[in-house]
Amino acid sequence: NAGVTQTPKFRVLKTGQSMTLLCAQDMNHEYMYWYRQDPGMGLRLIHYSVGEGTTAKGEVPDGYNVSRLKKQNFLLGLESAAPSQTSVYFCASSSPTRGTEAFFGQGTRLTVV
Amino acid sequence: AQKITQTQPGMFVQEKEAVTLDCTYDTSDPSYGLFWYKQPSSGEMIFLIYQGSYDQQNATEGRYSLNFQKARKSANLVISASQLGDSAMYFCAMRELQGAQKLVFGQGTRLTINP
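Residue numbers (this note's numbering), protein chains in the order written: chain L, 1 to 113; chain F, 1 to 115.
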């Protein structure tokens, strides 16, 4: 089982460039989440989705956009990258069933120079 | 507003001792789930334990137990007989089950087990 797969694992961007991070899950989960984790910090929710075709803002949505065109995929876009977006990005998915945990991808380390 | 607070940035414990990691939360949703995750230095997120707001008993999973005090809105993680491999970051998280369904994390506690 692949679980949750993030692509790419590492990326270096120049300020102003754009990119898309892909999250794919094979567990048929309804919910998907994007987080960023800065050094020594907790996970902060960027955007999330409770089903195909729906997205919602989290705690730190500015500078990011997302799309959930297919249930298994959740895309995170940076239209014009800034050094403040240097971080490790985690994707997670979960079932809405009470008592089930979220499963995480391995993370994407993004550096904006 | 949905919020998780972990007030201990770092904890240092001797091997084989028990340790309690604090977590308090705030929510107006009567139905919610509380989670603890471990993040070792390798970076992956490892699920440890879950507690539902309507669960009558405190959750336990091996050496992990959750001290759930609903009236005080606290969900502390207790690790018994700590091991060197327990050294990691620990995160408390909450998902509201009737509201927006966001999964929100606390700031984390870095636990160091000394031999």
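What the hints contain is simulated information worked out from the structure, not anything from laboratory work. There may be inaccurate statements among the hints.
[Claimed, not checked] Derived PhoX-like pairs: lysine-lysine, alpha-carbon spacing no greater than 20 Å straight-line:
id: 1; chain 1: L; residue 1: Lys70; chain 2: L; residue 2: Lys57
id: 2; chain 1: F; residue 1: Lys73; chain 2: F; residue 2: Lys16
id: 3; chain 1: F; residue 1: Lys16; chain 2: F; residue 2: Lys70
id: 4; chain 1: F; residue 1: Lys73; chain 2: F; residue 2: Lys102
id: 5; chain 1: L; residue 1: Lys71; chain 2: F; residue 2: Lys102
id: 6; chain 1: F; residue 1: Lys73; chain 2: L; residue 2: Lys57
id: 7; chain 1: L; residue 1: Lys71; chain 2: L; residue 2: Lys57
id: 8; chain 1: F; residue 1: Lys102; chain 2: F; residue 2: Lys16
id: 9; chain 1: L; residue 1: Lys57; chain 2: F; residue 2: Lys102
[Said to hold, decoys possible] For each label pair, taking beta carbons as the anchor points, the in silico distance ranges come out as:
id: 10; chain 1: L; residue 1: Leu69; chain 2: F; residue 2: Gly99; range: 22 to 28 Å
id: 11; chain 1: L; residue 1: Gly16; chain 2: F; residue 2: Asp55; range: 45 to 51 Å
id: 12; chain 1: F; residue 1: Gln83; chain 2: L; residue 2: Arg109; range: 41 to 47 Å
id: 13; chain 1: F; residue 1: Tyr54; chain 2: L; residue 2: Thr20; range: 25 to 31 Å
id: 14; chain 1: F; residue 1: Pro9; chain 2: L; residue 2: Lys70; range: 36 to 42 Å
id: 15; chain 1: L; residue 1: Met19; chain 2: F; residue 2: Lys16; range: 35 to 41 Å
id: 16; chain 1: F; residue 1: Thr60; chain 2: L; residue 2: Thr20; range: 40 to 46 Å
Quick reminder that beta carbons are idealized off the backbone N, C-alpha and C, glycines included.
| Which of the stated hints cannot be reconciled with the structure, identified by number in ascending sequence? | 2, 3, 6, 8, 12, 13, 15
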